[in-house]
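Engineer: Sequence order for the protein chains is A and B. 1 is the number of the first residue of the first sequence in my numbering; add one for each residue after it. 1 is the number of the first residue of the second sequence in my numbering; add one for each residue after it.
Among the clues, some could well be false.
Simulated DEER-style distance windows between Cβ atoms [claimed, not checked]:
id : chain 1 : residue 1 : chain 2 : residue 2 : range
1  : B       : Val522    : A       : Glu123    : 53 to 59 Å
2  : B       : Leu582    : A       : Leu137    : 53 to 59 Å
3  : B       : Pro587    : A       : Phe53     : 44 to 50 Å
4  : A       : Glu125    : B       : Lys660    : 35 to 41 Å
5  : B       : His485    : A       : Asp99     : 27 to 33 Å
6  : A       : Glu125    : B       : Val522    : 48 to 54 Å
7  : A       : Gln103    : B       : Lys563    : 54 to 60 Å
8  : A       : Glu125    : B       : Val793    : 51 to 57 Å
9  : A       : Glu84     : B       : Lys770    : 49 to 55 Å
10 : B       : Val793    : A       : Ser138    : 53 to 59 Å
11 : A       : Lys121    : B       : Tyr578    : 50 to 56 Å
12 : A       : Gln122    : B       : Gln556    : 44 to 50 Å
13 : B       : Leu463    : A       : Ser98     : 43 to 49 Å
Which chain B residues face chain A? A few, computed with CB under 8 Å, are given here [said to hold, decoys possible]:
id : residue
14 : Tyr436
15 : Ala437
16 : Val448
17 : Ile451
18 : Gln452
19 : Leu791
If you want the ones that stay clear, here's a sample from chain A, every Cβ over 10 Å from chain B, calculated [to be verified]:
id : residue
20 : Leu102
21 : Glu109
22 : Ala120
23 : Gln130
These are calculated hints, taken from the structure and not from any lab test. Glycine included, every Cβ here is placed at the ideal spot set by N, Cα and C.
Listed below, chain by chain, are the residues.
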Amino acid sequence: MLSFEFGLCINCNQCLIFSVTTNADLTSLPEKHLVLLRDGRTLIGYLRSIDQFANLVLHQTVERIHVGKKYGDIPRGIFVVRGENVVLLGEIDLEKESDTPLQQVSIEEILEEQRVEQQAKQESEKLKVQALKERGLSIPRADTLDEY
Amino acid sequence: MYVFRDGEACVSRGGGSEPERGPRGASLAVGVSAPRTMFRYQSLEDCPLDEDAFQTLGEEDEDIDQFNDDTFGAGAIDDDWQEAHERLAELEDKPATARELEDGAVSDEMDLLGHHEENLAERLSKLVIENELEDPAIMQAVQTQPPMQQPGGLNSSIWDGSAVLRRIRGPLLTQEMPSVSVLEYAMPQRPLQGQEDERDLSERALPRRSSSPVIGSPPVRAVPIGTPPKQAAVPNFNQQILCPKPVHIRAPMQQRYPSPYGERMSPNQLCNVPNSSLLGHPFPPSVTPVFTHLQRAQLLGGAQAGRMSPSQFARVSGLVGSPLTSMNPKLLQGRVGQMMSPASGFRAFFGAPPPSAPPPSQQQQHPPCPGSHLQNLRPHPQMFRPDTTHLHPQHRRLLHQRQQQNRNQHRSLNGSAGDRAGHRSSQQEQLRKDPYANLMLQREKDWVSKIQMMQLQSTDPYLDDFYYQNYFQKLEKVSAAEEMHGDGPKKERTKLITPQVAKLEHAYKPVQFEGSLGKLTVSSVNNPRKMIDAVVTSRSEDDETKEKQVRDKRRQTLVTIEKTYSLLLDVEDYERRYLLSLEGERPALMEERKQKICDMYDNLRGKTPGQERPSDDHFVQIMCIRKGKRMVARILPFLSMEQAADILMATARNLPFLIKKDAQDEVLLCLLRPFSLVLYHLPSGTVTSLLQQLANLPQSVTAPAPANLHLAAVLQNKFGLSLLYLVLSRGEELQNSNAGTELMQDNQWTELMSMTTRELLRIPEAALAKPVSTPSNLLSLFSRYVDQQKLNVLETKLQLVQGIR
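One chain only, chain B, in its complex shape:
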């Protein structure tokens, strides 16, 4: 039973075909394959399906498991995968034709693989929580904006291309016998029905299973590539049937035979192969048009096995599986590109003028010309503006540069607006250069980007990604500083705009079953169950040995350090929080901060609230630990002057001990900076006391010991010496300043100074530590208290003279 292309049936076995065709035919006048396919159903399937049956079939679609391999995938093929591949190609026709039927209502998700992809996308989106999808940042990353709707149309044209490819083979095969149905029903076709095209027609198992003899290749769609999916397609269709001019295509093709698999052939060359094989063996008229599918498969298979099998296979088996299968359309696209190379011939093929019907607005980028198909691949400058704000600036720049280059290239090649050939050839060249470009659909890329962006969602970026935030803050500061000096930003540094999500409180509700008594004893990460009853038992004091005591004490100290550190981190964070907070919250924040600072101090000095702090013990313990020292250095800026001075005193008092303990770590030096800052603000009295502490003299002035061990130890240590210098320097500053007289009058100070100088003189030079820095005013300081001779000695010893004095 053969049916002519234009829908006229010569024979039909199915009952009631005529009346059904009527209404259908009218509505499907635009549809290329619709009447025909529906027809063939009836005829070939030999089951009188009437309209209702079709509809019910459609309704059953939802129940059909789309991922069932047997139904839709590899299992559905009784025979060669190549045939199935061809069938699947028809599948991809459907959306294109369906789109023709619906008045340009291109769904967003409509894609190369038609509804399969759509359903996949639906599933994917269902997998994702809705909220996250709506996040603007995520959506930004995804380039499926309304202007990007064109990909839907774009893809249809891409798909048209491949369909065209197939169809090209049709007439090629049948050039000798135009009257024969080799053209069509190479594949079992799916019925195209008017409004039911909405649904995924490829879901219908039935049609695909039906194995009619596969004849040649699927009928060629007369719709030129890039035609708007509208009625306009039909006239071409008819024309084409009547006068297929495959010759044009054939002519420029080289006679190339399938090369062994090992050889590298781009998919572009690929298309030469099948065509040439087909072309190279023109069928004698006597050959019966109805090939068994085996023969056809051989034909195609022989031509393509080397090349296409992997990709086709992937398509076939994984059609509904993953977006990667869309690799194939890309290959085909590449092939089509090659097909275009005999540009003139191609044009002649679709010799009919482009459909007169002006494309609807949304299809402006589908200028009806074969080459335009390729043009559509390249995003139209005005339509396609990918959202690149989140790209690294260099990246973005390069991207735009390339776009510009391409545009310029094309424009220059184009010359006049209508010079499509040149335009096409440049694009073909581009495609030829990289036929695998865009193996991944934009949609897929967006999908991956979306996932990545979702992973970056964070309610509190400072919590989740502290170092990243800090790093970029620093960079920004640096660039801002540079900007102030320089003309402009030297280097753009753009952060990735990560999605900001409002805090969602998901109250975890453990699984409950209706009507059951009690709850399930299920333990999950959200709902952990207590497995072990761990009880803290405090040891009795008697049992402890000395060692244990020491260990415990150390542990105590460590715990204290940790607690204080947390407080410190919080306090340091307050500034940022302050900026982010609302006006009303700020006083509360300030209070919190103050409280925390007090707590920190208490922790440092040992908690004896409201009393004299008798012992430095606690503090010293903390200072013995490296982390403690660093922590003190960080805390100092937050403390009040009094508290800071206190800390300083305590440090000075116990310096030899600390020095001894610090021998391994050498971390004391980190304290110098904050100490110096504190010193700067200290009054003279405090400075004196400080020096006293350093020198370890009792409060009352008594006869100094012959050798001051304390001071000696201090002098021999880098930190100690540096600290001493700082103190002395500060004293000198004070003396020089207005308030200096006070210091001068202070006997203690003089006493201390003389002592210090004595010690400095006494100590052998070798034993003297190397200070971090030698303040310049020390010499003048010493000059007040020692005579010239000693001054000279001091000078040389301490290397006080720096350059020209």
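Chain A with its partners taken away, still in its complex shape:
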């Protein structure tokens, strides 16, 4: 579905070079970009502006939620993303974009699916923590590890 057009990067900054310089051709069709954020959200939109901190300006952004084989798009408009929250950014190959085994569903449906999935995850997590607690162990929560 996607073809990431950047090579292995030293810093994450490197990847920005590619997506920025593509637009050398002024009259080309805009390229859609996919951004993965640190909180796990996936945004797809036209990358309009970028800076050295990887702050992004996305136009006609759509937040895509994936659950299993289904996905749903929520149109969000213009996004300005602070650079520190960007995990990765890649250009979407428009030709390959439609060539995906995933199935698009409506927003309500995907949100419902997501809710169900979250619930299931939470329950299994709870059980795990409980089991560990009984054995006297504790695993720190993932979000506190995030900083490292």
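Fit chain B to the supplied structure of chain A, relying on the hints for placement.
Structural biologist: Chain B only, in chain A's frame:
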């Protein structure tokens, strides 16, 4: 006080206007707005500024704080931002007109926002250390090469477009009253002076502050979009004044009223809006031409508020701030694009033939035609060759493909060379498809790229980015191997060409003040101060408990491992360094390497230099630790045969112990490979001794114990068994080879073999470990020492038969 467009003043209040106009007028004959604006200064401002005053004003410019909001930004506006926006539009005129004045001396940094951007760029470049900027790799990343100078010109034409846009409104407004000054001085204009255009005229606070009644829209520049900024503009100008044909523009426009904000309207549609609103309400002749700016603002605001406010606002407040504000020009550009859609009408508007003056060489890409403005947006094939060497090859390919596509598209649409309309329409279509394309200027992109490239500067890439380098080396090797087999490279793998910087030794000098005694006590990352006096105290031996001793010993071992590891990494790196070094340095490098290898060995075996190494203790300790084992595996290839054999012996000798210790880690297996390599080169005597060690027989042949625990342990362990097999296999090889007779004659060997086979037979099959690999020649080996029956037993037990024998 109204001034006609052509510079003739009907009334002027300022003193001394006439004489000043003379020289100015001559030099500014080309300048569209120059005489007029200067004029208006005098007239509207009501302060008799003479030539000198202007000059001093200019000189004071440098002192003026450009980032002062009050002076230049939002604060400077006494009234509606829309008016300020209009004013700012004039600002952007300046570079264009200034460029007309200077003979095509387009500065590199001249940009949409004119000198503001230029100054910003200057500041930015000052922020950056000069050296880094000169790095070729960095500059490569930045696409502002001489051929790229055109962006300067390009932008001027882009800017012309928006200026044209504004100016279009002028005549539209004033179509009914051509004689009136609605055309001009919609905005307070800045004086354009001949040579002082060099400086940033927009820096002048004074003109902008002066709030004359804002009338309509700024006067329309007669310079058609894309005209070379030269004298040629003027004749059109005059023509236009005399016969503005706004009708052409108006006609094809739809009557569309500003839609609510929520609705999505592209900036293309945008331009329909203001125009239509303006057009849709043609002013009755009776309406006084002088609108208060409020009224005008309402007009424009009503039309545009829904659409333009954010962008305009951004422009206004952040004009001097960030390059992002140039978003607006892009919007305008988009609008202009839309403006072009009534192509024929547009053309008629600039009905005057393109300026006859042939554009100077650098402006070849500005064919004087309205549509050409758009054409200029698209980089001319022959002029614009972005440096894409650093792009990923796939990326580059796609980029070129697209360029090709566009070119072909345009060419096909064009048909003949002169068919601009078709050309234009395709481009308009492209622009219509994406009006926000190139919101970021190429300059800005280059700037960001430059920063990123600078961050990649490294004096020693292998130090700074080891894994990246290694990864790409591996890839290259793979592709090279593939290339040899296949027809050509299957997949291009290009590394990003990172800037290589010579090592700069910055001697840190702590801050010093002149005339002060002593130095500042300032601690920084470069100059850390000792805050704590940490003293190492060694504990006395008596106090230590057994546990502590053990712990210390382990720690000692760990330290030894770490030290040895560093040596190992260095040794492994020598090959690369060797290749990079000069001829003269190489012997020294070799020496270093040898020394380090010796050190490593010493570390491994415990430092008892020049003596018999009595104990394996040190070595065993190292081998008990996982990291130690891996390290030994890595070191083995570097050791000499003797040393390696020694290590092997030591391992074999202590194998049961090591096996026991390795139960958790199971890392011993990593040693197999290097061991086998060593074994391959061992002479028979050593092999025998090795087997002896494995079997744990004393040197002299004595009656073997009924059960050989040592060997049993070995057999029960995967590593042990594998190692044993290797040794046996090697022995068999030796026997088969010419030197084999030696082994045959060796009683020890026979003895050992029989012992081994006995043990193998004795051990229950279940207890037998599964070896990594079973050498094929074991059967033949065993056949020498055991009878057929036992051989069969062995066969089945050890699964020696693999397929057809």
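Engineer: Take the hints in turn and mark each one as holding or not.
Structural biologist: Okay, the hints, checked on the actual structure:
In this structure the supplied range 53 to 59 Å holds for B/Val522 paired with A/Glu123, their Cβ-Cβ distance being about 56 Å. About 58 Å separates the C-beta atoms of B/Leu582 and A/Leu137, a value consistent with the hinted range of 53 to 59 Å. Taken as a hint, the range 44 to 50 Å holds for the pair B/Pro587 and A/Phe53, whose Cβ atoms sit roughly 49 Å apart. Look at A/Glu125 against B/Lys660: about 40 Å separates their beta carbons, and that is inside 35 to 41 Å.
In this structure the supplied range 27 to 33 Å holds for B/His485 paired with A/Asp99, their Cβ-Cβ distance being about 30 Å. Between A/Glu125 and B/Val522 the CB atoms are about 50 Å apart, so this pair conforms to the stated range of 48 to 54 Å. Separation of A/Gln103 from B/Lys563 is about 58 Å and conforms to the stated range, judged on CB atoms against 54 to 60 Å. Remark: the range hint 51 to 57 Å for A/Glu125 to B/Val793 is upheld by a beta-carbon distance near 56 Å.
In this structure the supplied range 49 to 55 Å holds for A/Glu84 paired with B/Lys770, their Cβ-Cβ distance being about 51 Å. For the hinted restraint 53 to 59 Å between B/Val793 and A/Ser138, the CB-CB distance of approximately 55 Å keeps it satisfied. Taken as a hint, the range 50 to 56 Å holds for the pair A/Lys121 and B/Tyr578, whose Cβ atoms sit roughly 54 Å apart. Range check, A/Gln122 to B/Gln556: about 49 Å between beta-carbon atoms, so the 44 to 50 Å window is met.
Judged by the Cβ atoms, the range 43 to 49 Å given for B/Leu463 and A/Ser98 holds: they are separated by roughly 45 Å. Interface restraint check: B/Tyr436 against chain A, minimum CB-CB distance 6 Å, threshold 8 Å, status holds. For B/Ala437, the shortest C-beta to C-beta distance to chain A is roughly 6 Å, which falls under 8 Å, so the interface hint holds. Checking B/Val448 against chain A: minimum C-beta separation of about 5 Å stays under 8 Å; hint holds.
Here the hint on B/Ile451 is kept, as its CB sits about 4 Å from the closest CB of chain A, short of 8 Å. Interface hint at B/Gln452: satisfied, since its Cβ lies 5 Å from the closest Cβ of chain A, which is below the 8 Å cut-off. With a least beta-carbon distance of about 53 Å to chain A, the hint placing B/Leu791 at the interface is violated under the 8 Å criterion. Listed as a non-interface residue, A/Leu102 keeps its Cβ farther than 10 Å from every Cβ of chain B; the least gap is roughly 23 Å.
Under the 10 Å C-beta cut-off, the non-interface status given to A/Glu109 relative to chain B holds; the minimum distance is some 25 Å. Once the 10 Å rule is applied to beta carbons, A/Ala120 is consistent with being away from chain B; the minimum gap is 36 Å. A cut-off of 10 Å between C-beta atoms confirms that A/Gln130 is not in contact with chain B; the least separation is 29 Å.
When the structure is compared with the earlier hints, a violation turns up for hint 19 alone.
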